[in-house]
Structure formats: structure tokens, C-alpha cells
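Produce the entire structure from the sequences given, and follow the hints as far as they go.
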Amino acid sequence: MHAILATTLFAPVNQSYLFQARQMQALSFSVHIPLVCFGIAFPALVLFAEWRYLRTGQPVFGQIAKTWSKAMITLFGVGVVTGTILSFEFGLLWPGMMASFGNVFGLGFALEGFSFFVEAIFIAIYVYGWDRLAPKAHFLCGFPVAIAGVTGSFFVISTNAWMNHPSGFVLKDGRATDVHPWAALFGNPYLWHEFVHMYFAGYVVTGFIVAGYYAWRYLQGNWSRYEQTGLTIALSAAAIATPLQGIIGDWVARDVAQMQPVKLAAMEGVGQTTNRAPEHLLGWYNGQEVVYGIAVPHMLSLLAFHDPNATVKGLDAVPFDQRPPVNVVRFAFQTMVGIASLLSLVSVIYLYVRFRLKRLPATPWFYRTVVLAGPLSVVALIAGWITTEVGRQPWVVFGFMRTAQAVTGAKGIPVGYGTLILVYLGLGTVAAWLLVKLGRAPTKLSNAPSEGKPSGFIYAR
Amino acid sequence: MLANIPMIFILVGLAAYIVLAGADFGTGFWTLVFYRKGGDRAKFADSLHNTMGPVWEANHVWLIFILVVCWTAYPVAFASITSTLSVPLLIAAVGIISRGAAYALRSQFAAAPKERLIDDRVFALSSVLTPFALGAAIGGIASGRVPVGNAAGNLVTSWLNPTSVLIGVLSITTCSYLSAVYLAADAWRRADTDMIHVLRKMSLRAGVAAGTLAMFGLLVLHADARPIWNGLTNGFGACLLCLSIASGLVALILVWRNKFGLARVSAALAVATIVAGWAVTQQPCLLPGLTVAQAAAGQSTLIAIIVSMAFGAVVLVPSLALLFGLSLKGRFDASPSEDIPTPKIANQPQGHSSKLASFTVGNLLAGTAGTVFGSGWIQTLGVLCLCLFAALAFALAAIPVDSLEKKATTQKVP
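Those protein sequences? They're chains E and S, same order as listed. Quick note, in the working numbering, the first sequence goes up one by one and the last residue is 461. Quick note, in the working numbering, the second sequence goes up one by one and the last residue is 1414.
Derived by calculation from the structure, the hints in this document are not laboratory data. A portion of the hints provided could be inaccurate.
To be verified - Straight-line distance between alpha carbons at most 25 Å, and here's what the computed DSS-like set of lysine-lysine pairs gives:
| id | chain 1 | residue 1 | chain 2 | residue 2 |
| --- | --- | --- | --- | --- |
| 1 | E | K358 | S | K1201 |
| 2 | E | K70 | S | K1329 |
| 3 | E | K66 | E | K136 |
| 4 | E | K136 | E | K70 |
| 5 | S | K1329 | E | K66 |
| 6 | S | K1259 | S | K1201 |
| 7 | S | K1329 | E | K136 |
Okay, here's the thing in C-alpha cells:
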């Protein structure tokens, strides 16, 4: 009786604003995901600085840890609210998915809820506890923040991996029955590459944004120990994580080729199933093949299957109405790879100078690039998510439920979307204004050592 | 039986959210009042930010907790509620973003008083709007206006009706009352006599207003939501209602006698009992025609969520106790400008060994080979090697800053 009830009452509705609903969800994700990166990576960097402070007693590390922890709790606060909006939107926009599958993947979010709790509690103790708790106790209070930041994102990604590669249930009359929630979420072979890829992305984005701030300070002529140390810690994290993404990316690509061949076909614009498939750089997919691109023979077969003669499935493997919008996916993927390559180059230069010459790079051009690298890394992050999420279309639960079946029947999606745009624009304006203010009077916040003081630290300008 | 347990989690979460985050929302209402009065506004705003700053994020997570338990354990009910009540929930969402952002940015970046006006106003308005919208949504559910189905109910009257408006306004008043008591208790701890005086008056007024409104509300329920009225005036429901009224009165007396800490407990009890009363009245139905048992997910999901809640509670309860213990004892109060005590400088054998460097590079090579060419366990090992490499290489790149400085200063780079 139960199942019948659900199917009849949650039959797909006719929603003329499906696209706007998807845009609204995408907007909310794009605002939230960069904050998640800070949740993953920032606590570890803050703890590193505090550990150095406890070990060496040098005030500069204490100042860095303190300043960063303030930025960390601010970003976390914004992350809490933007994350709440996401959980609202699951119900507001996609009730069909929640009604049919909430019982399968919901557990991931319940566990994430606890991580969120732990993170919120200890981040407050950590930040408000500076100078009020014993140094060691304070240091220890940072660990739950770092751990919960990682487990929280792990649980959310387990849900996403499940949507891309669903299992652990039997679909009966439009409703999931015989559910095995643990196996569905954590026994999923699609989970691990997604998690590791995102985990490293957290360090790339956090590292480059923080380093970008100090690089900008360098260009403004502020180059005390404080800036040098801050830049070294943040840029080291980003510079090590970025090239590794290439190696992890190889793993990701092979898993996608195996488990979601249609997504790979969309990423590469493979119209027909091809042996010895070439890889196309740039260009445009015209509905059949990539035109105006640079073809590298055998490359796609080699990358996706480690065999230059392997067969790569094309979009023709599935009916037309089951194919994602190819050019969006392809463009997003190429954007991510392009930016990653540029950032890897910056990283290798930095690591070379750091390890071989044992100093920091000396040319202003390097610092200009690092300033740009922060926003670029966010673009790459979002492009990566567009690749995986648009590449899954038209499915919301891959192979089981279409996005159109999940959407709400409520009217007024454009109004909601417009409101959200305005709110986020307002938020963005305030954040930008604060950043500018911060840039004008950074010492107020940081208590950095006096700026005129020359220092022979690592690199004397 | 199993089907009811997650509902109990939801109700506990709801009571905690109203009591804890409610106190937080209520500060917005008082900011509005003080905004008109001028004068003490800045002082008041500072005091509330000091009190709420460390705890607001944790308080807020209760809402996420409620949502996720609901959609995991009662997916159809969750989908029906959120699709029909999309308007008030969107309003609440916008309110939550605005006030959260105002809070987060305000707490950490002390702005000039003039600039504060804007974010105080945003903060205040969104703090009033959000509890109203959430209360109105609850009113829609309680008065049986949310049918099962994808946006099957009326998008407007499901939340703009006598019961919803009543519960919405009652939410604002209750939040204001809770926050006034909370702030008064904090002022008492700090022995801030001026603030105690003001806050005590505020608490009493808000308490009387909330109580009167709740009594008047019973008449509204009688007219608009008869099943709830019947439930609350008969049997166990009536007991809970009486308990709630009694706790509310006791709380007022305690405020009158300056026992703010106990008043807080008593006021929380009043809220918790009325939430329980609502649950008892509606039982066994969650939505019209849908019982809790019918709405519940399958057994494996229910067991999974109960198990994870149990484990979560083991972590959560001591953590919350620690946070509130520190906060209520005033350990987070601004202390006199005392710089970070400098820790003792340990003797540092610096300069990393070449062994460590080769181990790091070895990890990179093994990790790359395992990740790219391996599968199964070998690949897992490869990925772990890559992570280890990342950590070691980071340490090698970021740690030697101090030794390098020595080198740089002694060598006098031209």
C-alpha cells in the first residue's frame, strides 16, 4: 500500500522551469563548494602554523594561526548558512528525488550533520579560546575541526557518488525498496576517486587563495616575515597538491570511462564509438564530432584505458534523450584541465625555487600569477563540478530517475531563483567590500610585525 | 515502534532548535527595538554578539539535523512538506543566509559604528522574518494543510492562515523572550548591572506577551485547527499543555526574582512540553492520511539512522557540554589585552636529513605507479603513498622557514 501511495502521489509533474530550478541549485552549489574547500584544508594549515608556534615560540606563527583562524570561522559561518540553503533546496526543488530515494542516501547527510555539529562546536572553542585556554588544550581543540571538516565532506561526496553510480536498493513502483544504506553509500566503487580528487582540490583552492592574498601584499610592498611565512605555508600546500591532481585525475578518468562511459563521451565529444580514439583539444562538438579542435591520435584511448587501441564508447551508445549537453560538459572539462596545467606550472616553479635554491621566487611576475591563481583555482573547481554534474544529465539518480522526474510541481521557481541571485549578489558585495577594507588596514586584524622593518627572511626584497 | 524513533529525534531536535537558536533569533528583535531607541544600541549589539558569537553556529546545526533526519526516515512526508510549503521555506532560507552572513562578517571584522547600522538592520530584519516563516510552516503542517504529494497543497493558504500566522507571531515573541532571558543570565554572570536592569524588564514584557499570545492562540486553534484543540484539551495532551503553562509561569516568576539561569531551564521546559503536546495531538498522523508508520522508510534505513544517531550522540553530547560549559562560565569573555603567552622555545635540530627527502621522493614514485597502473589494493596503497608524499613534502617545504632565516641573516644576502 505504501509503495502505491508514493508512486501515485509523486508522479512526475509538468514543470516549465526545470532549467531555472537546475540553475538555482547550481548557483547555490557554486557559492558553497569553495567554502567546503576551506573546511577541508584550512584547519590543517592553521594547526600547522600553531604547531610551529608551539615548537619554535616564534610569534609570527602565532599571529598567522590566529589571523587565519579568524578567517576560518568567518568562512565557516558563511558555509553553515549556504549549506543550510542547500538542504532546503533538496526539498524545495527536488521533492521527487527525496520522496523516492531519501531513504537510500539520506544517511550520508545524517552523518554529515554530526560532523557539522562537531566542526561548529570546536571551531568556536578554538577561535574564541585563543589566549583563554592553555596552549596545548587549545591546540588539541583544533583537531576535531580538521577531522570533522574531512569526514563531513566525505559523507556529502558519498551521496554525490551514489547519485552518479547508484546501488544498494531495488526500484519498485517508483520507490526504492530493499534498501542497504551503508553499502549504497560506502561500498560504492565510485566514491573513492571523487573523495580524493575533492580532498586535494580543497588544498589547491585554499592554498592558492591564501597565498594569493600574501602575493598581493608583496606586490603592495609589504614583505615582512609575516607575509613571507604565510605565503610559504599556503603556497607549499597548493603547489604540492596541484600537480598531484594530474595523477589522481588519471585514476578519475579511468573510473569514469568504466562506470559512466556516456559522461566520458560528453567530456571528450566522442559521437560514435571509436577504436584508437584521439583526444581533441579545444574545438566544438557539432552533434557528430569535434570540429576545429587539435586532435592527438590514440590519446583518449590511452588516457581512458591505458591502451592506445582501446575502444571508447560514444554518445551513440545511448538514445538521444539520455545524452548530456556535450559542449557544456566539454568546455567545463577543458577549462578545469587548462587551469590545472597552468597552476601546475606555477607549482613546479615554486617547488624548484623552494627546494633547489632554498628561497622564495624573486620576480614580481611570479607573484602576479599567484594573485591570479586564487580565483583561477575556484574557476577550475566549479568547472570540475559542472563536468561531473552536467555530465550526469538528464539523470539525477544515474539510470534510475531523470532530473525532470525529481523536480517540484510548485510554481514560482523564477521568483525564487531571482531572489537567491539578489541575496548572493548582496553577499558578494559585502564580502568584496570587507576584503578591500581588510586590504587597506590589514595590520588591525593581523597584528603583523611592523612593516618597515627589513628582514632577511627567506627572500629579501 | 521502530518507525517512531526518528520522529522522537526530530522532536528533540526541534525543541533544541527553538530553545537555542530561538534565543539567537530573538536578539534580532531586540536589535530592532534598540535601533529605534538609539543610545544603548551599540552596547547592546556588542553584548549580544559576545554572548551568541561562540554558540550560534552550533545552535544552527540543529535545523540541518532536523531536515536530514526527516528526509532520511520520512522521505515522502519531507518531500510533501517542502514542496507545498516552498514559499515560507524560501523566505526562511533567505533570512538564514542574510543573518548568518551578517553575523559571521560582523563578529570577526569589527566595523566602524556607522557601518554597523547596515548589517545590524539586515541582521535584525532577517532574525524576525526567519522564525515567523518557520513558525508559519509548522502552522501549515499542524492545521492539516499539507497533503501528501508534490506541491499538492495550496502555495499561499498553506502558510497564510490563522494557525500559521499565530504560530509565526508566537515564534517571534517566544524567541524574543528566550533571548532576553539568555542575555540577562549572561549579564548577571558578568555583573553588568545596567544591562541586567534593562534585560530583566525586556524579559518580563516579552514573557507576558508570549504567554498572553499563547492563551489567545488556543482560541485560534479552537476555530481553525479543531483536532489540535481537541488533542490539547483532552487526556495526555492536556497534561502537557498544563505543564507548559505552569513552566511558563514559573519562568516568569524566576525572572522576576532575578534567577535567570533557572528561568532559562523553565522556559525551555515550556517550549519542549508544547512541542511534545503538538506531537501527541497529531499522533499517529504525520500529514493528513499519512501516518508516521506509513511515512517511515524501510527497516534497514531506520536501523542505520538510529545507530548513527546513537554513535553521533556519544560524540555530540560531551562536545556540546564542553562548548556550553566554557561559554556559560564566561571563559570566552574578552580578557584584558593580554598577548599570547610565548611558549618556551624548544631546541631544534633543524635541517632535514637526506634520508627523509629520499623517502618522500620514494613515496611519490610508488604512489604514482600504484595510482596510475595499479588496481584494487595496489591502487589504494598508491593513493595512500601519494597522500603521505603530500604531507611529507609539505613539511619539507614549509617547516624550514626558521632555519632558512638563520642562514639568510648570517650569510647577509646582498
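Hints, verified against the model:
A C-alpha spacing of about 65 Å is found between K358 (chain E) and K1201 (chain S), which places the hinted pair above 25 Å, so the restraint is violated. Distance check on the hinted pair: K70 (chain E) and K1329 (chain S) sit about 22 Å apart at the alpha-carbon level, within 25 Å; holds. About 15 Å separates the Cα atoms of K66 (chain E) and K136 (chain E), which keeps this hinted pair within 25 Å; it holds. Distance restraint check for K136 (chain E) and K70 (chain E): the Cα-Cα separation of roughly 19 Å lies within the 25 Å cut-off, and the hinted pair is therefore satisfied.
A hinted pair counts as satisfied when its Cα atoms are at most 25 Å apart, and K1329 (chain S) with K66 (chain E) qualifies at roughly 23 Å. Simply put, K1259 (chain S) and K1201 (chain S) have alpha-carbon atoms about 13 Å apart, close enough for the 25 Å limit, and the pair holds. Distance restraint check for K1329 (chain S) and K136 (chain E): the Cα-Cα separation of roughly 20 Å lies within the 25 Å cut-off, and the hinted pair is therefore satisfied.
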